[in-house]
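Asker: Listed below are the residues making up each chain.
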Amino acid sequence: MTLGLTHFLVLSTLLFCLGLFAMLTRRNAVAILMGVELMLNAANINLVAFNKYVAPGALNGQVFALVVITLAACEAGVGLALVMSAYRNLETVHVDEINVMKW
Amino acid sequence: MGQLAAFIILSVVTLVSAVVVVASQNIVRSALSLIPTLLGIAGVYILLQAEYVAGIQVLIYAGAITVLILFVIMLTEHGTGARFRQVNEQVLPGTIAVAVLAALLMAVFFGTAWPRAAGTLPQYTATSIGTTFLTSAILVFIVTSFVLLVALMGAIVIARRER
Amino acid sequence: MRELAWLIPVLPLVACALIFAFGPRLPGRGAYVAIAGIGLAALLSIGIFVEGLGGAKAHELNVRWVPYGQTALDLGLRVDNLTTVMLLVVTIVGSMIFVYSVGYMHDDPRFSRFFAYLSLFAASMLLLVLANNLLFLYAGWELVGLCSYLLIGFYFEKPSAARASMKAFVTTRVGDLFMFLGILLVFFTLGTFRFEEIFAKVHAGALEGMMVGGLPLLTVVAVLLFGGAIGKSAQVPLHTWLPDAMEGPTPVSALIHAATMVAAGVYMVARTYLLFFESPGHGALTVVAWIGAVTALMAATIAVVQDDIKRVLAYSTISQLGYMMLGLGMLGYAAGMFHLMTHAFFKALLFLGAGSVIHAMHTNDIKAMGGLARAMPSTYWTFLIGTLALAGVPPFAGFWSKDEILLEAFHHHRGLYAMALAAAFLTAFYMFRVIFYTFAGTTRSHHAHPHESPAVMTRPLWVLAVFSAGIGLVGAPFLGNPFHHYLHFEGLKAPAFSWGVALAGVGASGAGIAAAAAVYHWKVVPSGALRRAAGPLFTLVAHKYYFDELYAAAVVRPTLAVARALRTFDVYVIDLIVNLFGFAGLGLARLYRVFDLYVVDGAVNLLGWIAQTAGGVLRYVQTGRAQNYLLAIALGVIVLLAAGLFR
Amino acid sequence: MPLPIEDLWAVSPEIWLAGLGLLLLVLDLFVPSGRKAIVGWAAAAGLTLGLVPILGLVGVTPRTVFFGTYVVDGFAIFFKIVAVASTVLVILSAMDVLRGQTQFEGEMYILLTFTALGLSLMAGSADLIMVVLSIEFVSLCSYVMAGYFKADRRGNEAGLKYFLFGAGASAVMIYGFSILYGLTGQTSLYAIASALSGAPRPAVVVALVMALAGIGFKVSMVPFHQWTPDVYEGAPTPVAAFLSVASKAAGFAVLLRLLAVAFASAPVDWITLIAGLSAVTMTVGNLLALPQRNIKRMLAYSSISHAGFLLMGVAAYAGEFAQGLLYYILAYAFTNLGAFFVAVTVGQRLGTDDIPAYAGLGERAPALAWLMALFMLSLTGIPPTAGFVGKFYIFGAAVQNGLIWLAAIGVVNSVIALYYYVGVIRAMFLMPPASAGPVGQPAALQLALGITGLGTLAAGLFPQPFVTLVSAASLLLRF
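Chain order of the listed sequences is A, B, C and D.
For reference, each letter of the first sequence is one residue, going 1 to 103 in my numbering.
For reference, each letter of the second sequence is one residue, going 1 to 163 in my numbering.
For reference, each letter of the third sequence is one residue, going 1 to 647 in my numbering.
For reference, each letter of the fourth sequence is one residue, going 1 to 479 in my numbering.
The hints are simulated quantities; they were obtained by calculation from the structure and are not laboratory data.
Check the hints yourself; a few may be wrong.
Footprint (simulated), chain C over chain A, 3 or more residues, beta carbon under 8 angstroms [what the hints assert, rightly or not]: (1) 17–26; (2) 87–101.
The calculated SDA-like cross-link candidates involving lysine to any residue, where the alpha carbons are at most 20 angstroms apart (straight line), are [claimed, not checked]: (3) A:Lys52 - B:Phe110; (4) A:Lys52 - B:Ser145; (5) A:Lys102 - B:Gly43; (6) A:Lys102 - A:Asn89; (7) A:Lys102 - D:Ala191; (8) A:Lys102 - B:Leu10; (9) A:Lys52 - B:Thr120; (10) A:Lys102 - C:Gly624; (11) A:Lys52 - B:Gly2; (12) A:Lys102 - B:Pro122; (13) A:Lys52 - D:Ala191; (14) C:Lys158 - D:Met431; (15) C:Lys158 - D:Ala203; (16) A:Lys102 - B:Leu39; (17) A:Lys52 - B:Asn88; (18) A:Lys52 - A:His7; (19) A:Lys102 - C:Asn628; (20) A:Lys102 - B:Asn88; (21) C:Lys158 - D:Glu363; (22) A:Lys102 - D:Ser435; (23) A:Lys52 - B:Leu10; (24) A:Lys52 - B:Thr127; (25) C:Lys158 - D:Ser435; (26) A:Lys102 - D:Met431; (27) C:Lys523 - C:Ala440; (28) C:Lys493 - C:Leu479; (29) C:Lys523 - C:Gly624; (30) A:Lys52 - B:Gly119; (31) A:Lys52 - B:Glu89; (32) A:Lys52 - B:Pro115; (33) A:Lys102 - D:Pro356.
What you are looking at is a predicted structure, and each value in this text was computed from that prediction instead of being measured.
For glycine and all other residues, C-beta sits at the position ideal for the given N, C-alpha and C.
If we strip away everything but chain A, and leave its shape as in the complex, we get (with noise of 0.2 angstroms):
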């Protein structure tokens, strides 16, 4: 058996859904966040072996898994300092106590 698209396909799906059950179940919003980058690497992987194995002539995906990344920071970066000013003013990062807005 040799290296095949399916294989790195296998590995983002499984990365994809442990990130996806970190957002889910994890009550801190820090944790949820890396949950959310396991998600988009899960993505980059699908666009870098895409980019190897179905469309080797340009290097559309590889460009696209670097403006991912750069998005990645993007997010982490608004994402984090929203926690923390969150975190001033509830004194909680636990997101099911940041419930005041409901029905």
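Take the given structure of chain A and dock chains B, C and D to it, following the hints.
Answerer: The following block gives chains B, C and D in isolation, referenced to the frame of chain A:
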């Protein structure tokens, strides 16, 4: 064959540390094990002949983002740490949802005949990526810089205390 | 002159805008501006009408509004003979009521606002009347509904008024929903909203043979449109809002809930009469006729047991609107419109008279009145004229129009004719009941000091009284029935005048008056047997809250009450006739009230309740927890995936 | 591949907006802290001027520029106009709210300006990377703006919730896009379109559904809608107005371009999918709006139900007939911005967003109350308002494309909607005021209110010029 072995080792590193990220009761340990996960993924990129992406992955992800996350964890230490329950009441529905989604995705991926285009990746992807960013992806490149600018500005506005 | 028709709705609209902009700073705190607006519109309408008498052709004014593919929504006005009649009614009755309101609303802190609303209403109503297409008509239709809503709730401090306004709005919207569907159906099958084009296409057989759910398309369209009329004109089963609408100021009741807006449903049926007429086997017209007849009879029985003078008039209005529908349904196109016109005058008169009485007595309860004939002669005489007109006593207006409807019914359906005749009897009965209670005898209330209303209120009464007395002559057969010559539907011929039908009608009215007089005035059978016979019944009527209790426990009590009434019936067989009337009236009334309160209201409320409850339950999905939302994303993706993959 | 200089002309609006944002950044440094409104006025003026290069592009031959990553066509131009114009109005409405509330007043105007740039980019994106980039551009700005009032607990909550939801939704979307890339080997929507026609159906479904998560989040489509009420309630009201109109409109631009271009010949029945989502979205939004007492939450749910109506327009999109959708967006933009501006005024002056606080507004501020009544009627879709014409077109398009059942559901929903819209009118005109005294309005807000009110009326009374605009704009470049 050697590639496959390398892939398996990298996958195991990535997934095991990702499980720690997701499941650890200690948030600091979660954040720290994000580093091997991201480094493992960088290794996967090298396997995929994407050295440049791998490099960026190490620099930005494993370096900058993880450090940022650790910083925030330290700063909000009062509200974090092992003293608190780290998971909410959604573990069961979450598990089921994730399992179903994983099964669906796997089934679809295995059943799909992905198209294969002719051609090979360039020898040195870094140069080609640079060229791409300055030609066909020029707009993407410029807009990315603006996104970074607003993200920077937004993060400052939100994170700074009001005087 | 007809080119200026667009000014008619614009004048009151300008008045409304002026009053909103400048309010009490205007002459007469805005009232004079409003009166000027409607007055000028009235003069213009009269001019246009006179032109119509001279045989002027129908005039259309079209403006392209919304382009739609190849076609377009044209907005426009149409002035033809039907329009001129309605314009005349709305502007003349409206002017009188505007003038009257100056006196009636004199002390109200929101005096200017009231006239702004009235002007807005007049503008919307005139728009509705002048529309040359279904869409414009619908716009006016909704706008008058909005004004009605605002005006019923004018005394919004009263919770009952706020509730009544909401009820009116919601109930009529149920009808409007059907109407809107009907309009859409017309548009998507015929590709136009314009009456002229619709009629031409329908006449050419554009919808022939088309079926919807096993029914001819044309019948479905017509009945859907009629749904709007059921709501607006308070026909069974959507009539319950109208009596509650009496919470509004009395001039509003007179203008909107008696003379004009509620007649819009009748007008709409007349406007789109061709759709009804062409429906296979006159199917849609049969529906109209039956609903009209049931409404006429049922509302009349309820009116018999009402003690609130405005509510008696409200039920009477419902009943008379039923008459108009019956007329239209029995191929009496001109008869229905004729009754609409006469009714507008005498019912407005009656409401304004009632308002004058309320103004003097500060109560709505006729039992608390009495002997007002001496204290308020103008009000008394005008009210009497209105009553005679409504009761159908010749030569007053109501006789001529009612006779035409009876005549049409007699020729087309004997069963409906009988119902109409019974309603005529009841009408005379309950109206004279009001007269005897209110104006005859002596004052029953000791702390009231009745006085005649100011001239600004009585003069409009006299003007309307003159119309109520004389306007019927335009349809008098011995004058050649000029109304029919002015307004007729292509292909319909009115049946010839029949002395028999006329005499039967007058007989019914006379019997009603006599019965009322016998019971409430002469009291020929007042004591002894009759009191025992009628005792339980009339005690029931007298004790108002006894009814309230009864309705409150409607599941158990009606059966008991019927049982008690039956026993009474058995015991006092001698007073068979009196009892019969009493029973029929009371029993039916009670049943209908229960039906109203619990079935119709129930159904309307149920819809609202379902929506509210669904919203109330669903909102708890919105837990406020971010991760529940994230789970919703995941589940949403899974469900959509499953739907896409395993469809 | 040399850089195509002539393509720069096609992105002149974006260049203007980017330059404006940078200029304002510099300007902000020199404006003393008490007078940041100067930055606001400068931003509003600059954005208004930005309409000039956009209008200069009207009538341009539809084409892709920058190697197929970007597109100029009437469709994109329309959404750029909507984005920039509504940003101007939102800035006008925000000045009174921001004054004295935060030391970062100037930055808000700059962020809004940059968001307008992001929205313009969304409207013209013709490449998966550009789509992701522009959506994230707008999202990042929106997260910041939603959490702008840091001292306010609701503001914190709004910002954080919005961020978490948005990050999750866009991660799903990016994963979906990666699959789309894998299926076609292309990132340009136009290249994807042809490659997708023979693609295996299950994977296409996965890609479509996952992509819908991210875009559905932007347009608040059920089941990706749940952030909407919480964020609208907690965010500064002008920001809520902005999210409900500008970012939603741009979301629809992306959605329609993605579906009508990339998925045009894909082996999935996206019309039925969107039609179903439309029915669910409008019903859920309406039912949830019924029990609300907070005007911002009510408007949030109402905006969800309007997303449902707009989705009906997307589902009914066939051939060149996007007029229904576009007219509805235009009408909705005027009306909803206006409604939010009234909420801004009342919230500022009375200090509460509860609907019962609107009691007696008809006496205390007649002009404001009548405008609000107009907006409520237009949101319901009662003639002769803009909302009616929009609904008419969208129902007409649905019926013409055989979606009669959807149109029927839409009609029923508009009737339900009346209940809660009229609730506001009832409070204003039929309830006694809690306290007397007029409610004042600052000049900038009056201007914004006047424009939206006029637009709502004009688009209802004289639809012809708007229809011309919309017909020109409905030209969506397709291959």
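Asker: Run every hint past the structure and note whether it holds.
Answerer: Hint check results:
Closer than 8 angstroms: that is the beta-carbon criterion, and the region 17–26 of chain A has 4 residues meeting it against chain C, so the requirement of 3 holds. Residues of the region 87–101 of chain A with a Cβ under 8 angstroms from some Cβ of chain C number 6, which satisfies the need for three, so the listed coverage holds. With a C-alpha separation of about 18 angstroms, the suggested pairing of Lys52 (chain A) with Phe110 (chain B) holds against the 20 angstroms cut-off. The straight-line distance between the Cα atoms of Lys52 (chain A) and Ser145 (chain B) is roughly 27 angstroms, outside the 20 angstroms bound, and the hint therefore fails.
Restraint check for Lys102 (chain A) and Gly43 (chain B): the C-alpha separation of about 44 angstroms exceeds 20 angstroms, so the hint is violated. Restraint check for Lys102 (chain A) and Asn89 (chain A): the C-alpha separation of about 19 angstroms stays at or below 20 angstroms, so the hint holds. Proposed proximity of Lys102 (chain A) and Ala191 (chain D) is contradicted: the alpha carbons are some 44 angstroms apart, above 20 angstroms. Distance restraint check for Lys102 (chain A) and Leu10 (chain B): the Cα-Cα separation of roughly 44 angstroms exceeds the 20 angstroms cut-off, and the hinted pair is therefore not satisfied.
Distance check on the hinted pair: Lys52 (chain A) and Thr120 (chain B) sit about 8 angstroms apart at the alpha-carbon level, within 20 angstroms; holds. Taken as a hint, the Lys102 (chain A) and Gly624 (chain C) pair is honoured in the structure, with Cα atoms around 4 angstroms apart against an allowance of 20 angstroms. The suggested pairing of Lys52 (chain A) with Gly2 (chain B) holds, with an alpha-carbon distance near 18 angstroms, which does not exceed 20 angstroms. A distance of roughly 53 angstroms separates the Cα atoms of Lys102 (chain A) and Pro122 (chain B); the hinted pair therefore is violated under the 20 angstroms criterion.
Proximity of Lys52 (chain A) to Ala191 (chain D) is assessed by CA-CA distance (about 18 angstroms); at most 20 angstroms being required, the pair is judged to hold. Straight-line distance between C-alpha atoms of Lys158 (chain C) and Met431 (chain D) comes to about 10 angstroms, which keeps the hinted pair within the 20 angstroms bound. Note on Lys158 (chain C) and Ala203 (chain D): the hinted pairing is violated, with a Cα-Cα distance of about 63 angstroms set against a maximum of 20 angstroms. For the given pair, Lys102 (chain A) sits about 40 angstroms from Leu39 (chain B) by alpha-carbon distance, which is inconsistent with the 20 angstroms threshold.
At most 20 angstroms may separate the alpha-carbon atoms for a hinted pair to count; Lys52 (chain A) and Asn88 (chain B) exceed this at roughly 40 angstroms. Proximity of Lys52 (chain A) to His7 (chain A) is assessed by CA-CA distance (about 13 angstroms); at most 20 angstroms being required, the pair is judged to hold. Of the pairs offered as hints, the one joining Lys102 (chain A) and Asn628 (chain C) holds, with about 11 angstroms between alpha carbons and a cut-off of 20 angstroms not exceeded. A C-alpha spacing of about 18 angstroms is found between Lys102 (chain A) and Asn88 (chain B), which places the hinted pair at or below 20 angstroms, so the restraint holds.
With a CA separation close to 17 angstroms, the supplied pair Lys158 (chain C) and Glu363 (chain D) stays within the 20 angstroms bound. The straight-line distance between the Cα atoms of Lys102 (chain A) and Ser435 (chain D) is roughly 29 angstroms, outside the 20 angstroms bound, and the hint therefore fails. A hinted pair counts as satisfied when its Cα atoms are at most 20 angstroms apart, and Lys52 (chain A) with Leu10 (chain B) qualifies at roughly 18 angstroms. With a C-alpha separation of about 16 angstroms, the suggested pairing of Lys52 (chain A) with Thr127 (chain B) holds against the 20 angstroms cut-off.
Restraint check: the Cα-Cα separation between Lys158 (chain C) and Ser435 (chain D) comes to about 18 angstroms, which is no more than 20 angstroms; the hinted pair holds. The suggested pairing of Lys102 (chain A) with Met431 (chain D) is violated, with an alpha-carbon distance near 27 angstroms, which exceeds 20 angstroms. This hinted pair checks out: Lys523 (chain C) and Ala440 (chain C) have alpha carbons roughly 13 angstroms apart, not beyond 20 angstroms. About 17 angstroms separates the Cα atoms of Lys493 (chain C) and Leu479 (chain C), which keeps this hinted pair within 20 angstroms; it holds.
A threshold of 20 angstroms between alpha carbons decides the hint, and for Lys523 (chain C) with Gly624 (chain C) the separation of about 72 angstroms lies outside it, so the pair is violated. As the CA atoms of Lys52 (chain A) and Gly119 (chain B) are separated by approximately 10 angstroms, the hinted pair is consistent with the 20 angstroms bound. In summary, the hint linking Lys52 (chain A) to Glu89 (chain B) is not supported, as the alpha carbons are separated by about 41 angstroms, beyond the 20 angstroms threshold. Between the alpha carbons of Lys52 (chain A) and Pro115 (chain B) the distance comes to roughly 12 angstroms, so the proposed pair stays at or under 20 angstroms and holds.
For the hint linking Lys102 (chain A) to Pro356 (chain D), the alpha-carbon distance of about 19 angstroms falls within 20 angstroms, and the restraint holds.
In the structure shown, a violation is registered for the earlier hints numbered 4, 5, 7, 8, 12, 15, 16, 17, 22, 26, 29, 31, in ascending order.
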